[in-house]
Each structure stands twice: as structure tokens, then as C-alpha cells.
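Novice: Listed below are the residues making up each chain.
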Amino acid sequence: MQRPLSTLPLSSAVKAKLVTAGFHFISDLMNLKAPQLSREAGVSQQEAMAVLAELEQGVPPPSMSALQLLQKEAELQSIITFCSSLDGALGGGVPLGKTTEIYGVPGIGKTQLCLQLAVDVQVPQCFGGVGGEVIFMDTEGTFVLQRFAELAAAAVTHCSLLAEDEEQRVAMETFTVDTILSNTYVVRCHDYVELLAELRLLPSILAARPKVRLLVMDGMAAPFRPLLDDLSARTRHLGGVALQLAAVATGHDVAVVVTNQMTTRLLGGGRSRLVPALGELWGHALNIRLHLHWEGSQRLATIAKSPAHANVTVQYQISSDGFRDVDQSHAAGAK
Amino acid sequence: MVVLRENMCPGLDGDLVSGLRAVGVKTVEDLVSSNIEDLARRCSVSYKALLAIRRVLLAQHTAFPVSGADLYEELLSSTAILSTGNTSLDKLLDSGLYTGEVTELCGGPASGKSQVCFSVAVNISWRLKQSVVYVDTSGGMTAARLLQMLQVETDNTEEQMEALQRITVFRLFDVYALLHCLYELRGASLQQAAVGGGSVKAVIVDSVSAVLSPLLGGKQSEGMSLMIQVAFALKTMAKDFNIAVLVTNHVTRGRDGEVQPGLGVSWSHIPRTRILLERHEHTSTCSATLIKSSRQPCNIREQLDLNT
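Chains as they are written, first to last, in this note's numbering: chain H, 1 to 335; chain C, 1 to 308.
In short, the hints are calculated from the structure, not lab data. Because the structure is a prediction, the values reported are computed rather than measured. Please note that a few of the clues may not be correct.
To be verified - Straight-line C-alpha distance at most 20 Å; calculated SDA-like pairs for lysine to any residue:
hint	chain 1	residue 1	chain 2	residue 2
1	H	72	C	165
2	H	72	C	149
3	H	33	H	53
Unchecked claim - Covered stretches of chain H, as calculated for chain C (at least 3 residues, CB under 8 Å):
hint	stretch
4	18-29
5	76-83
6	95-101
7	139-150
8	198-209
The C-beta atom is built at its ideal place from N, Cα and C for all residues, glycine as well.
Start from the sequences, fold in the hints, and give me the full structure.
Specialist: Take a look at the structure:
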């Protein structure tokens, strides 16, 4: 079976010219030189060269066996959340190489968890951390520096109390609030055009900064709000964004964390329910979905979707130090 | 359709090709549909030679009729039914995935599509000892989960590793990469994979809608064409290599809130069998409904447990 030319990533104008000139399959172009192709198909020399160059990229797409993938997964760590019950439910924390969505009502702690992860990803490896850097894409101005510095200071104090051997003491010298701040790259995106452009640049940014292990995108829904009157365009853009994020996560072994807000879906008969925003299709986009919600005065986190974890609900709290386990005695008292 | 080239058939040499081109006959289609007598006079070549060339070209480029009896023989000898390892799912599929066909699972987010794909991959590779190609377009493929499923089946570590070895994973995040992969698979990899114990019997694309849906809608017409190309590549691959193809698709909501498979009407003709998965809230079970089938009455419903 021959591969049709229309399956190549070429502009539709060039494809149309090639087809009119009688070239339908890749095999029709074999052994042709650029000048000859340009003459016969009526395309420019550059276009002809681009077509032939596309053909030569005949490298088979990268593949691996599930066994190799298993080994790779074992090497890739997770970013701890400093909330041991959530880490337990996620099998060690927010996994590298996967995309994770956090959604919930305002004030539930989505941004707090993002800030916490941005600090935690920098915990040195000898403390069981990842020792990476972070890119924080902020769409709503939620990156509050004072709060971030507070969380960083708490994490530094926490680790310095844990430091036992020489290696950990040496690591502590470079694990300070200052280094945490300088290893955090904040990108402020005001609208979806800036966001899409930034995503296009990401692969080259990540190639230049190989230590980045976490990409946070806080507030996925806000930049796409101007598109509310053209929902199909929004869905298309988001579909592309999802593919780019997945490619970044798997290609660079980065954990991608996206936050999303809630919206109301009318069920008819005057009933309604809260669902994550951005539509049904977006729900497929990311690998893991974490739902943060209230129950009475308790904050709960539920794994709503994951390829590898059961749907577990755990309790957490947001203290002045950041995203933490609920104090056991306090939890018992609440019950 | 096909451009005339030297040595395509006996008697078609370089001079003749350039001679024909000079009078505007460039493709096989042009040659076959033109008046040979007139053409012979204009190119000053022998009528007989041209007629012979035309006969050979026609033979090379036409489809041959096959008798139904022969087809049936071939069907019986080449079709395999791959059990999915799940009795309820097998019941809906009329005992399993049929080779040569495209089967689709559709459902909302977290409805269990990927989990079903994982368990099908594990079952084919472990129980049936056949190779599986798994195309992952969302990065959700987790080998640790496959291992977990295998551990339920067997304690033998070596068998677990062998089973994982037989699953080839491609992680592709755009439609051109997917097309490239499918055509590469047709070309060489399917035979190569056969060397490593067990031929490739199943190709799973999870999910096909993730790469296709960003292309559809709006004013762009190219997306539709690419979707049809993907569909065509999957269907012919299933048929030509006797492979069971399993794809996953999202769902959309109609005006009255009813659930329907995504990717529109054109795609709905591609899968031979469609199953809709719906997760029961706060449980690990989902209900599977047969919504398209050529063998069974539609709307049969079964319950699946996703934990095992």
C-alpha cells in the first residue's frame, strides 16, 4: 500500500499542485530531483526541495517496549507535595512525565498547591527530592511572591532540620530561599495568544534549561475566556495545547501541572451541578485529574482520573507553611 | 493517477515516455483513456506496441474480482478473534476483537477507556502470546499499571517481563506523526516485530480523537482530509495484515444532553463496532453499551469492573 502525498506535513497549495500534476503517492516522487519536480509540478524550487526533504525524513518514529517504559518510569521520580496522604494516594507525589490537572472552587488551594510544588521540585536529591527548576506560567496574576518566599523558607527550615549526613549539609548550602527564587522562572501570560506562543517556544526553552522538572500553568481557563462566543475555536486551541503539554511532559521528563476552575452545568429541570470548566473534551486532555473540594470545613483532595491510581480521597490543610497533612490530633477532634 | 515512468512495463522506454509527455500524456490514466490509434500517429510509434503497453498497464492497475467462496475460505483461515480477557466485554464484541476490523471505545473523561485498552493489551500479550502495538497520544500510558494487571494474572516475573516486552509503545502527539507511524508500521515494523516472538495481532490507538479533534471544525478543510487519511490507513492496515485495531474516542453532548461519540458523522462509518463506556460515579465499575455492531443487536449493556 502506497502512502498518499496528502499525509505529508506540506502546505495545501503545494499538495494541490502535486496532485494536479499527477503525483499522488510518495513512490511517485522517488528518484526525482528538485529542478525536475519544480518543472513538472509547477512549484517553486524551494517548495520542491521542501517536498523532497520531507520525504527523506524517513526515520521510523521512536518506540519502546512496555518493559523499557517500565524501567523509565522507575527512574523518573515524583514531586512530593509535603502532604504525605496525598503523596501516598498518588504513589509518591505528582509524577514527572505526566500531565496533571488540579480543579476546584475558588479559595480551595489550587494556587497554594502549585506554589508548594514549585518549591518542592527544588528539594535536593539527597533529601528525596528532584532537585529541578520550575517554569511558572501565570495567567491571572496569582503568583504572589511574598507567599512563595514564605513557602520556600518553610521548606528550607524543614530540610535543614532533617539534614543528618555531610552530603545533606552540603546540599543545604545551595538550598536557600534565594536559590529557590532564582530557579523559578515566572511567565506572565495575559491572553491566549501569549499562552499559545509561549507553548510553541517551550521545547527550545526546555532544551536550554535541562534542569526544569516542573511546568505549572496556573489558571488555564482565564486566557480562553475571550473565546466564549466561539466555543469550537476554544476547543480546537485547547486540543492543540493538550497535545503540546503531553509532548513536553513525555519528551523532557517534566511534570506538567495545570489548574482549572469550576463552572455550572445546567441539567434541566432547574437542577445544576459544578463541573470543571473548559468543556468535556478538555477532560480527556490531561493524564491525572485532582479534584480539590470542601466537605464542611475540611479540605479534601480526590483523584478523579488517573491511568494508574485508584480514586482515593484524602484530607489536607493549608497552613502558614504551605500545603500540609491534616494534624492527626486535630483530625481526630474534627471527627 | 500514476505518472508514467521509464521501465514501468516492458517496451516503455525513456524516449517513449518523453515522446508521450510531449503530446500531453503524462499519467497512466491519460494513456489508458486516450485514443491509441491517434496517439500512435502523433508520437510516431507502432500501434501494436502502444496497445501492448496499455494492456500491461491496465493489468497492473486494475482491481481483480474475487469470488465470494474464495473470500470466505480466506476469511476462515486468516481471521482470528482475540479475547479481551473480560467476559462481559467479550459478550458485547461477540467473543472478542476480530482481526481485520476497527473497533472503537468511546466515553467521557475517566470513563475507563484507557483502562480497557491496557487490559486488552495485557491479555493479548500475556494470554495469547501475541505482539501488540500501543500508540499513546496523550502520554497516559503507564507501564506500572500494566505490570499491576499482569501481577494479578501470574506470579512468574519472567512471564511478566516477556509480556511487557511484546507490547511496543509509540508516543505521538500530532496527526502527521501518527500517519507516519502507521505507514512505517505497514512498511517494515510489522514484519520485524514478528521476529521478536508472536506477530503483531493488535494495534491500539489511545486516543485517536486527541490528535484529530484539534483539526476539525472552523474554516479549515484540511482537518477532515487528514481524518479520512488516518481512517483509511487504519482500515487498510487492519485488512491487509489481519490486525485487530482498537481506537478510543471522546463523546460530545447533543442539544438535549444525550451522549454521542465524537468526531462526527464521517468518522462514525469507520469503526465496525462501537462501545460506549459510562462510569458509575464514585465506583470502579462502568457500564458498556454496544452502540454499533454488524453481528449483534445494538444497545446490549454489560457492567465492567475496572479494578482487576
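Novice: Please verify the coverage claim for the stretch 198-209 of chain H: does it have three or more residues whose C-beta sits within 8 Å of some C-beta in chain C?
Specialist: violated (count 0)
Novice: Against chain C, does the stretch 95-101 of chain H show at least 3 residues with beta-carbon separation below 8 Å?
Specialist: holds (count 3)
Novice: Verify the proposed pairing of residue 33 of chain H with residue 53 of chain H, using a straight-line Cα cut of 20 Å.
Specialist: The hint holds at about 11 Å.
Novice: Check whether the Cα positions of residue 72 of chain H and residue 149 of chain C lie no farther apart than 20 Å.
Specialist: holds (18 Å)
Novice: Do three or more residues of the stretch 18-29 of chain H come closer than 8 Å to chain C, measuring C-beta to C-beta?
Specialist: The restraint on the stretch 18-29 of chain H holds, since 6 of its residues have a Cβ under 8 Å from chain C and three suffice.
Novice: With a C-beta cutoff of 8 Å, work out whether three or more residues of the stretch 139-150 of chain H approach chain C closely enough for the coverage to hold.
Specialist: violated (count 0)
Novice: With a Cβ-Cβ cutoff of 8 Å, does the stretch 76-83 of chain H contain at least three residues near chain C?
Specialist: This one is violated; 0 residues, fewer than the three required, reach chain C with a Cβ under 8 Å.
Novice: Keeping to a limit of 20 Å between CA atoms, is the pair of residue 72 of chain H and residue 165 of chain C held or broken?
Specialist: With a Cα-Cα distance of about 14 Å, the restraint between residue 72 of chain H and residue 165 of chain C holds, given a limit of 20 Å.
Violation of the numbered hints given earlier is confined to hints 5, 7, 8; the remaining hints are satisfied by the structure.
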